[in-house]
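Asker: One line per chain: the protein sequences are A and B, in this order.
Using the working numbering, read the first sequence as starting at 1 and increasing by one per residue.
Using the working numbering, read the second sequence as starting at 1001 and increasing by one per residue.
Please keep in mind that the hints were generated in silico from the structure rather than gathered at the bench.
Take these hints with a grain of salt, some might be off.
Unchecked claim - With a straight-line cut-off of 25 Å between C-alpha atoms, the simulated PhoX-like cross-links for lysine-lysine are:
no., chain 1, residue 1, chain 2, residue 2
1, A, 107, A, 1
2, A, 110, A, 17
3, A, 57, A, 107
4, A, 71, A, 107
5, A, 17, A, 57
6, B, 1009, B, 1071
7, B, 1009, A, 107
8, A, 110, B, 1057
9, B, 1071, A, 107
10, B, 1070, A, 1
11, B, 1071, B, 1057
12, A, 17, A, 107
Everything numeric in this text was worked out from a predicted model, so none of it was measured.
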Amino acid sequence: KNQVEQSPQSLIILEGKNCTLQCNYTVSPFSNLRWYKQDTGRGPVSLTIMTFSENTKSNGRYTATLDADTKQSSLHITASQLSDSASYICVVTTYSGAGSYQLTFGKGTKLSVIP
Amino acid sequence: NAGVTQTPKFRVLKTGQSMTLLCAQDMNHEYMYWYRQDPGMGLRLIHYSVGEGTTAKGEVPDGYNVSRLKKQNFLLGLESAAPSQTSVYFCASRSGANVLTFGAGSRLTVL
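Pulled out of the complex, with its shape left as it was, chain A reads as follows:
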């Protein structure tokens, strides 16, 4: 069964500090992995996408890594800001053939950045 596990469930950090969120998956065959940011009361918004051949990808202060061998991804946030407070969701896509894709969602990590 395809599964995506995220850790920690929640995290509180001080403004200006760095943090790393983890995503482990047992999805096969792998197509891509995305990290989404969901602000309270809003829909998720894509931060970054990782394909099989990519190890690292940055989007401003967000850096995602992917280890396809161990089926792990991380999202590193540098110099956190209060606006980083949100839930971060890992989503892995599999290709089922005939143009059909399946998405498996993690439960998310709730990040709180405090002054």
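Fit chain B to the known structure of chain A by using the hints.
Answerer: Frame of chain A; chain B shown alone:
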């Protein structure tokens, strides 16, 4: 470019009442989805559509029906609402393997 628009944003129902949530997208996306999000559960797929006139069941389809009569619209119906259907509902659309674009959500409370 509005993206994905959900209506209504908030709704309170009594047990047994019916209602329809409307999702509209203006990106010409083939795929559309309805998810529900509950505390500690993450996003769970209710129903989805791979194109106009098609629908399919997701992970938690019971108690819901959907229709995709037009490519840009995906309707989610509750025929007889139950308190267990109190949740935040998100519609999303995508094209191929591209990114999911989510609506802002519809918060439903069933008393």
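Asker: Find the hints from earlier in the document that the structure breaks and name them by number, from lowest to highest.
Answerer: Violated hints (numbers, rising): 8, 9, 10; every other hint is consistent with the structure.
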